[in-house]
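There are 2 protein chains.
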Amino acid sequence: MLKPLNPILHSELRLAIMSILIATESADFVYLRTETGATAGNLSVQLDKLQRAGYIEIEKGFNGKLPRTTCSMSDKGREAMREYIDTLQEYLGTAIKSR
Amino acid sequence: MLKPLNPILHSELRLAIMSILIATESADFVYLRTETGATAGNLSVQLDKLQRAGYIEIEKGFNGKLPRTTCSMSDKGREAMREYIDTLQEYLGTAIKSR
DNA sequence: AATATTTGGTTTATTTTATAAACTTGTTTA
DNA sequence: TAAACAAGTTTATAAAATAAACCAAATATT
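Sequence order for the protein chains is A and B. What the first sequence shows, in this note's numbering, is residues 1 to 99, in sequence order. What the second sequence shows, in this note's numbering, is residues 1 to 99, in sequence order.
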C-alpha cells in the first residue's frame, strides 16, 4: 500500500515556495510572489500554513520604511521535504529514475 | 517563473493510480482499490476524471458473473506523466537529484 | 498641501476539489 | 428467501485553493 503524500507539501503553491526556500535559504514575500506568480492573498495564506506546520520561519521587518516579510526553511521543513521527495519517488518508481 | 503542475495529475489519488498504471500497463478496480487504500467512491470519481482527461482507458467487462472494470494508461496519459515529472524536477531541482 | 497611486501585505468570500456516506444492481450463502 | 457480500456509482459534505476586497503606510501627482 502506498504511503500518503504529506498534504501540506502536496500543494502546488506550497511546494513551489518550499522548492525556492530549499535552494535559496531565504526569500522575501515580493520575491516569492514574482517567482511563483501567485496572488498576494494566496501567497499570504499558504505561507501562514507552512509556518503553522513549523516548516518555515517568517520574520517581519522593514526595508527602509516599507514592510518586509522574510521567509526561510526550518530543519523540520527540510526533513519534511526529504520525506516528501522519498515518497514521491516511491510513487513514480522507475519513471522518475530513467530521466 | 515556475511552470504550473498539471492539476489533473497533481492529486494524491490520481497520481497513485497513474503511477500504478505506468508500471503495470493494466489494473482493475479492485486491485487499484486495495493498492491505493482509497474508498470505492473516491476511486470511482478519480478514475472518471482521468478518463475524461483522456489519460486512461476504462473497459467494463465481467469476471465470471461479477462486473470488472479494467484500466490502462493511454499514450496521452504517458506523455502527461512525462511532462509532470519533468516539471516536478524543475521544482525540486537539486534536492531530487541528490538522492 | 491635499489627493491619488503604489507597495506590501491581510482578511474574507467564493469556487473548486477531495472525500465519504449512502445507494444500486446483481450474486452468493445461510 | 432473506441476509450478507461484491463491485461499483451517485450525491452530499468537508476541506482546500484561489481570488476579490480591503487596509495601512509610503510615495508621487496636481
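There could be a bad hint or two in this list.
A pair counts as met if it fits within one copy or between any two copies, since identical chains are not told apart.
Within a straight-line C-alpha distance of at most 30 Å, the following computed BS3-like cross-link-like pairs (lysine-lysine) qualify [said to hold, decoys possible]:
no. : residue 1 : residue 2
1   : Lys3      : Lys76
2   : Lys60     : Lys3
3   : Lys76     : Lys65
4   : Lys76     : Lys60
5   : Lys3      : Lys65
6   : Lys49     : Lys3
7   : Lys76     : Lys49
8   : Lys49     : Lys60
9   : Lys65     : Lys49
In case anyone wonders, no lab produced these hints; they're calculated from the structure. Just so you know, these numbers come straight off a predicted model, no measurement behind them.
Do the hints match the structure? See the list:
When the C-alpha separation of Lys3 and Lys76 is checked against a cutoff of 30 Å, the pair qualifies both within a copy, at 19 Å, and between copies, at 26 Å. With identical chains, the CA atoms of Lys60 and Lys3 are at most 30 Å apart between copies only, with a shortest distance of 29 Å across copies and 36 Å within one. In the homo-oligomer, the alpha carbons of Lys76 and Lys65 never lie at most 30 Å apart, since the shortest distance is 32 Å inside one protomer and 52 Å across protomers. Within a single copy, Lys76 and Lys60 get their C-alpha atoms as close as 20 Å, which meets the 30 Å cut-off; across copies the closest is 46 Å, which misses it.
In this homomeric assembly, Lys3 and Lys65 never come within 30 Å of each other (Cα to Cα): the closest approach is 47 Å inside a single copy and 33 Å across copies. Proximity of Lys49 and Lys3 under a CA criterion of 30 Å is satisfied in both settings, with 22 Å inside one chain copy and 22 Å between copies. Only within a single protomer do Lys76 and Lys49 lie at most 30 Å apart by alpha-carbon distance; the minimum there is 14 Å, versus 35 Å between protomers. With identical chains, the CA atoms of Lys49 and Lys60 are at most 30 Å apart within one copy only, with a shortest distance of 16 Å there and 42 Å across copies.
Proximity of Lys65 to Lys49 under the C-alpha cut-off of 30 Å is restricted to the intra-copy arrangement: shortest distance 27 Å within a copy versus 50 Å between copies.
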